[in-house]
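Here is how the chains run, residue by residue.
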Amino acid sequence: MLKKKMIVNEVLWQISLLAYAGIIFYIIVTGKIKILLHPRQYILMISAFAFLLLSAYLQFYHLYSGRQENRKNKSIIIFYLPLLFAVIGIIKNNDSLINLVYKQDSFVPPVKSLSASEGSEEGVLKNSPVIITKDNYYQIYNSIYDNIDKYTGRNIQVSGYIYRENGYENDQFVLAQDLMWCCAADIAVIGFFCEYNNASEFETGFWYELSGRIEKSLYPDHDTGRKRELPSICIDKYRKINPPDIPCIFPY
Amino acid sequence: MNYKKLVMLSDRVILFLLTIITLYFITTLIKSGFFQNKYLQNFSVVFVTIVLEGMPFIIIGTVLSSVIHIYLSDEIIMSFIPSKRFYGVIVAAFIGIIIPVCECGIVSVIRKLLEKKIPVYIAVTLLTAMPIVNPIVIITTCYAFPDRLDIVFIRTISGLFLSMLIGLIISVKYKTIEPSHFLRDYSVMEKENVCSCGHLHCQNKKPGFLDGIFKVIEHSSFELYVVGRFFIMGSFLAAFFRTCFHENTFEIFSENRILSILVMMGLAYLLSVCSESDAFIARKFSGIFPDSALMGFMVFGPMIDVKNTIMLLNLFKLKFTVFLITSITFSCFISALIMDYYIF
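Chains as they are written, first to last, in the numbering used here: chain A, 1 to 252; chain B, 1 to 344.
Hints are computed from structural coordinates only; laboratory data are not their basis.
Computed from a predicted structure; not experimentally measured.
Be a bit skeptical, because a hint or two may be false.
Computed, partial: chain B to chain A, Cβ under 8 Å [unchecked claim]:
no. : residue
1   : 41
2   : 47
3   : 53
4   : 228
5   : 229
6   : 277
In this text, a Cβ means the ideal position worked out from N, Cα and C, and glycines have one as well.
Take the sequences, apply the hints, and build the full model.
In structure tokens form, the structure reads like this:
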């Protein structure tokens, strides 16, 4: 009776090893890994996949021997908990990839950092249009919020998706990007306020590329409600674009 | 006899009924579209991502602990540890600088080292130092604060110093007490030449290269089973806290310096952010919370958090775990206060 229980545990452990390898394989093959984990994790996930497969194979030698004497047979169920949630949140989720990402925060404009250097405009030539790409987004984003006066009046070209929150004026929205620090659990919304008379032309959640001029505007602070000077984009031209393959930007 | 049979039969009937009820409950939930609930899906994504993100680091920890188990004898390990406690904690704290193991993987490493009879204060010093002073964490902190190398420096130095201090506190408190007083499975660990996975001990003859790799993986698989359960439970709690509390909610405490340190330490504990990315979260709070509170977040979080607590409860007895967490909390809080007054 005792031996039989041991074997059941070994089989359950082998199945869970295979299932975790399967989940990793699934997110890699479907591309969902791109919005769930930071690129530096990819190689680690592939290594984990190889380890799990090899462990599951070696587990065959223990199916009949009942190796793990001190296993409490019921606690193995815990390993199936993340698998159940993976089915609910990742596999059975019918939403598009971008909606699958959980956003931890609402959009909160950054506070000027105490150490903000006066002219940290690496990659941007003085007085030329500020062209923001995926690679320099976070750097220039911080630079603009830290040195609003220096950037005011300059032309800018930037892309992102339209983000709106309750309390925004009718002609206001944020051209946002999702910033991933480490994984989907800590994604933050960052971006620039935009003002446009026919703001309703911009559909929430869709991707646009805008060009316009950087201006200074007063916006109510997210927490205190007091008005605060923030950079905003006065739009000249815009066009709808397809969402990028990797709908996140990475700070490093 | 008849009574025993009756009890066994009733147990089986109850189990059968419970299975039927559970299956019925799950089927009803699926039909009602409960699993399409947005909040549940969000929680699922956060929970699964925390598990997936941490899994490679848990595996690194288990592989390292298996290598220690298979290739390093008790004598070899003990020969590295100075006999004097003070020098012992210094060596243990500095070992972290060369070994890239974060807080998820460290528990299985120290579990193995304790099996090899290293003193508990050395294990605690390793536990608290490694997640802060390891090279990957130092590099990511540099990325997060490229214009504030003082923060990188202070974080590393205070991590080293505090881990030594905590190691010394433990060494004073548990100087003469037998390991069985603070280790949960000491009786299993104590068995000579029998590994906790039931293997014959491998120390007597060293395996060949390929054989060694297979043995390491087999043993790591068992270690993964041991620590993985608690890692999953901890991740579940961390996911719960991350979906319930928004970081911005706590900004109202930023005016008071002492409160802000406590709040940031509390956040670090509950959110259980990996030490390799917590500097970026701290960066978000830069300018809102004082630098001393950021240091509280970046030093306390890697040393202890919800995930780690649950994993440690499996290794140490409750009383020891509570004492350890209290020591870490007080040391980190006081050091953050000192930084607030004298450095920042």
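Hints versus structure:
no.	hint	result
1	41	5 Å, holds
2	47	5 Å, holds
3	53	4 Å, holds
4	228	7 Å, holds
5	229	5 Å, holds
6	277	3 Å, holds
Hint compliance for this structure: no hint is broken.
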